[in-house]
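*Asks:* Letter by letter, the chains look like this.
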Amino acid sequence: DAGITQSPRHKVTETGTPVTLRCHQTENHRYMYWYRQDPGHGLRLIHYSYGVKDTDKGEVSDGYSVSRSKTEDFLLTLESATSSQTSVYFCAIRGQGGSYEQYFGPGTRLTVT
Amino acid sequence: DQQVKQNSPSLSVQEGRISILNCDYTNSMFDYFLWYKKYPAEGPTFLISISSIKDKNEDGRFTVFLNKSAKHLSLHIVPSQPGDSAVYFCAASVYSTGNQFYFGTGTSLTVIP
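Going down the list, the sequences are from chains A and B. If you're matching positions, the first sequence starts at 12 in the numbering used here and goes up one per residue. If you're matching positions, the second sequence starts at 1014 in the numbering used here and goes up one per residue.
The set of hints was computed from the structure by calculation and includes no laboratory data. Be careful, since some hints might not be right.
Some chain A residues near chain B, calculated using beta-carbon distances under 7 Å [claimed, not checked]:
{"id": "1", "residue": "Glu-112"}
{"id": "2", "residue": "Pro-117"}
{"id": "3", "residue": "Gly-118"}
When the alpha-carbon atoms are kept at most 35 Å apart in a straight line, the in silico DSBU-like pairs for lysine-lysine are as follows [stated by the list, open to error]:
{"id": "4", "chain 1": "B", "residue 1": "Lys-1069", "chain 2": "A", "residue 2": "Lys-64"}
{"id": "5", "chain 1": "B", "residue 1": "Lys-1084", "chain 2": "B", "residue 2": "Lys-1067"}
{"id": "6", "chain 1": "A", "residue 1": "Lys-22", "chain 2": "B", "residue 2": "Lys-1050"}
All C-beta atoms in this analysis are idealised placements derived from N, C-alpha and C, irrespective of residue type, glycine included.
One chain only, chain B, in its complex shape:
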């Protein structure tokens, strides 16, 4: 049973516009969330994270929003650049144990020049 879900397999956005990638989770025990970016033939690379004590975390062009009541998080990329074209995975964990991370199925973002 998938505890972390990314319901949009793909997303296309024009360069310079905002990209919004969504992620839903079912386990209310999750309190730490991460986003990773993956290029073909490479391992995922960490982008940004958020703890459940916050509802927003920002790092440059990347902002993650967390809505605990809806069990939903989103990643905003502004402005989108062609180099952002990749597969994005969200992941969730229980911080106190921290041993297992549950990943979504990924969203493939294409930024059109």
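Next up, chain A with everything else stripped away, as it sits in the complex:
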């Protein structure tokens, strides 16, 4: 158990509303990631962070922003949700030192109506 929690676990929201998803880790890992999983696309990286206030874009970052003001929290914000952002969102952390594998949270299922 890598001590990763995501909140909320499920959310239904309307088009045009802002949404923030939270990822919380208890292991003090430097690297944190946000992915979305969609049928036919697998897991796609949205944004990642390599330290407090250090973030960068992934391959599907349009429409998303992130913030990391504390080591343990990585927030993903949809400024104005669209139906195309209906997805399952996973947060992940990367292991320390030479460890390279990622550990994933349980996911957040977001539906934009």
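Once you have looked at the hints, place chain B on chain A.
*Replies:* This is chain B only, laid out in the frame that chain A set:
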């Protein structure tokens, strides 16, 4: 453009037999590869990884083979068990940067008792 491809969306295998899951990649810079297993309503969990300096890595019933010239890797599960029924994702990265991981679309394995 999908840099990591899993061309078989699904695979069915009898319990006790070998399961072979395949993955192809297009980016020759990738030098670190990972396999993840995912059950429904859970986050992916790390299974096994391989560096490009090796062509095989084994962990219990799981073996990953890497063919760099063909840009192909495979995951062998022997013997297959019903609990192995899940979606399997392969992922690739450039180890020196290590910030971005590219995932395939997944293969759903069903092990028939």
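*Asks:* The structure should be examined with respect to each hint, and the outcome stated for every one.
*Replies:* Now for the hints, and whether the structure bears them out:
Of the supplied interface hints, the one on Glu-112 of chain A holds, with its beta-carbon coming within about 4 Å of a beta-carbon of chain B, less than 7 Å. Hint status for Pro-117 of chain A relative to chain B: holds, with the closest Cβ pair at about 5 Å, below 7 Å. A hinted interface residue such as Gly-118 of chain A counts as satisfied when its beta carbon comes closer than 7 Å to some beta carbon of chain B; here the least separation is about 6 Å, so the hint holds. Among the hinted pairs, Lys-1069 of chain B with Lys-64 of chain A is inconsistent with the structure: their alpha-carbon atoms are about 38 Å apart, more than 35 Å.
Proximity of Lys-1084 of chain B to Lys-1067 of chain B is assessed by CA-CA distance (about 13 Å); at most 35 Å being required, the pair is judged to hold. With a CA separation close to 25 Å, the supplied pair Lys-22 of chain A and Lys-1050 of chain B stays within the 35 Å bound.
In summary, the one numbered hint that this structure violates is 4.
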